[in-house]
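Residues per chain are reported as follows:
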Amino acid sequence: MYVSDRPLSVQVTLRGEALICRLVGSATMDACDLLNEQLARIAQQAPKLLVLDLSDLQFICSLGLGSIVAAYLRAKRYGGKFILAAPLPAVAEMLELTKLTVLFPVSQSVEEALGA
Amino acid sequence: MELGPEIEASLRTIDISNTLQEAKKPEEIILREVSRCGYSEDATFAIKLALEEAMTNAVKHGNGNDRTKRITVRYSISPEQAVILVRDQGEGFDPDGVPDPTEPSRLSLPSGRGIMLMRAYMTHIAFRAGGSEVCLIKRNE
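If you read the protein sequences in the order shown, they are chains A and B.
Start counting at 1 in the first sequence, then tack on 15, and there's your number in this note's numbering.
Start counting at 1 in the second sequence, then tack on 135, and there's your number in this note's numbering.
Keep in mind the hints are simulated off the structure, nothing from the lab.
Certain hints may be false.
Within a straight-line C-alpha distance of at most 25 Å, the following computed SDA-like cross-link-like pairs (lysine to any residue) qualify [unchecked claim]: (1) A:LYS114 / B:GLU141; (2) A:LYS96 / B:LEU244; (3) B:LYS160 / A:VAL39; (4) A:LYS114 / B:GLY173; (5) B:LYS159 / B:GLY227; (6) A:LYS114 / B:ASP235; (7) A:LYS96 / B:PRO245; (8) B:LYS195 / A:GLU52; (9) B:LYS160 / A:GLN73; (10) B:LYS159 / A:VAL39; (11) B:LYS195 / A:LEU64; (12) B:LYS160 / A:ALA105; (13) B:LYS195 / A:LYS96; (14) A:LYS63 / A:PRO22; (15) A:LYS114 / A:LEU64; (16) B:LYS195 / A:GLU32; (17) A:LYS91 / A:ARG21; (18) A:LYS96 / A:ASN51; (19) A:LYS91 / B:LYS160; (20) B:LYS195 / A:ARG89.
Make a model of the complete structure from these sequences and hints.
What follows is the structure, given as structure tokens:
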């Protein structure tokens, strides 16, 4: 039975000098402008470490991958560290396929990312 | 690429306006058909992804975000295969001229991965009508 997308939401928590940004739901084509805006707003805080927690991200399209790349570039510009954490298998496969894993590190868990 | 008369005759058509929000409507309809025909979770993910990429390309690149333009989606979903055609009203493009987004110099570009993903996740894709229509085929294996 087909289940419609869960709308994308972004939950942000601060842990010491790290900012953890948890993406929940589906980063579909119609949600990615908002994702980009939210990630740009987060970058204004210039956290020393930005962790994108993908453990509850069910789907992502190329626009969503573009938003993640843009977030990485912003962090790089202000000298912050950027790590993706805990992608589900389907999303992890896309990251491998597009070779984005060459661009930034992908941790198995948020805890591992925080210890990096 | 010819689809054959049987498939051509079975195609249903959805015509939508040129926005990403509107583009979700055919996706919902097609994915319900895919589910009804018993496709696996992986195949459903692949079809959804390829369809999102095709629709994004149509809205943003083919129709250039022009809200006066339209997108036509034709589809035929059977238990054996899903055939989806997405056509925009743009001037088309040369798919062979699209650079590989996994080249080291292109990795940090935020865009340009759509066609590569369609190719990777579908059984077959072909561009028709000078690039203004993409045909996506996924076999239910």
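Quick rundown of the hints versus the structure:
Distance check on the hinted pair: A:LYS114 and B:GLU141 sit about 39 Å apart at the alpha-carbon level, beyond 25 Å; violated. Between A:LYS96 and B:LEU244 the CA atoms are separated by roughly 18 Å; this keeps the pair inside 25 Å, and the hint holds. Between B:LYS160 and A:VAL39 the alpha-carbon distance is near 22 Å, which keeps this suggested pair within the 25 Å criterion. With a C-alpha separation of about 31 Å, the suggested pairing of A:LYS114 with B:GLY173 is violated against the 25 Å cut-off.
A C-alpha spacing of about 22 Å is found between B:LYS159 and B:GLY227, which places the hinted pair at or below 25 Å, so the restraint holds. With a C-alpha separation of about 11 Å, the suggested pair A:LYS114 and B:ASP235 falls inside the 25 Å cut-off, and the hint holds. Annotation: proposed proximity of A:LYS96 to B:PRO245 holds, straight-line Cα distance about 18 Å (limit 25 Å). Pair hint B:LYS195 plus A:GLU52 holds up; C-alpha atoms about 18 Å apart against a cutoff of 25 Å.
A distance of roughly 19 Å separates the Cα atoms of B:LYS160 and A:GLN73; the hinted pair therefore holds under the 25 Å criterion. Distance restraint check for B:LYS159 and A:VAL39: the Cα-Cα separation of roughly 19 Å lies within the 25 Å cut-off, and the hinted pair is therefore satisfied. Restraint check for B:LYS195 and A:LEU64: not satisfied, since their Cα atoms lie roughly 33 Å apart, outside the 25 Å limit. This hinted pair checks out: B:LYS160 and A:ALA105 have alpha carbons roughly 23 Å apart, not beyond 25 Å.
A C-alpha spacing of about 32 Å is found between B:LYS195 and A:LYS96, which places the hinted pair above 25 Å, so the restraint is violated. Taking the CA atoms of A:LYS63 and A:PRO22, the gap is near 29 Å; set against the 25 Å cutoff, the hint is violated. A threshold of 25 Å between alpha carbons decides the hint, and for A:LYS114 with A:LEU64 the separation of about 22 Å falls inside it, so the pair holds. For the given pair, B:LYS195 sits about 38 Å from A:GLU32 by alpha-carbon distance, which is inconsistent with the 25 Å threshold.
For the suggested pair A:LYS91 and A:ARG21, the alpha carbons sit about 31 Å apart, so the restraint of at most 25 Å is broken. Between A:LYS96 and A:ASN51 the alpha-carbon distance is near 18 Å, which keeps this suggested pair within the 25 Å criterion. Taking the CA atoms of A:LYS91 and B:LYS160, the gap is near 37 Å; set against the 25 Å cutoff, the hint is violated. Between B:LYS195 and A:ARG89 the alpha-carbon distance is near 24 Å, which keeps this suggested pair within the 25 Å criterion.
In this structure, the hints that do not hold are numbers 1, 4, 11, 13, 14, 16, 17, 19, in rising order.
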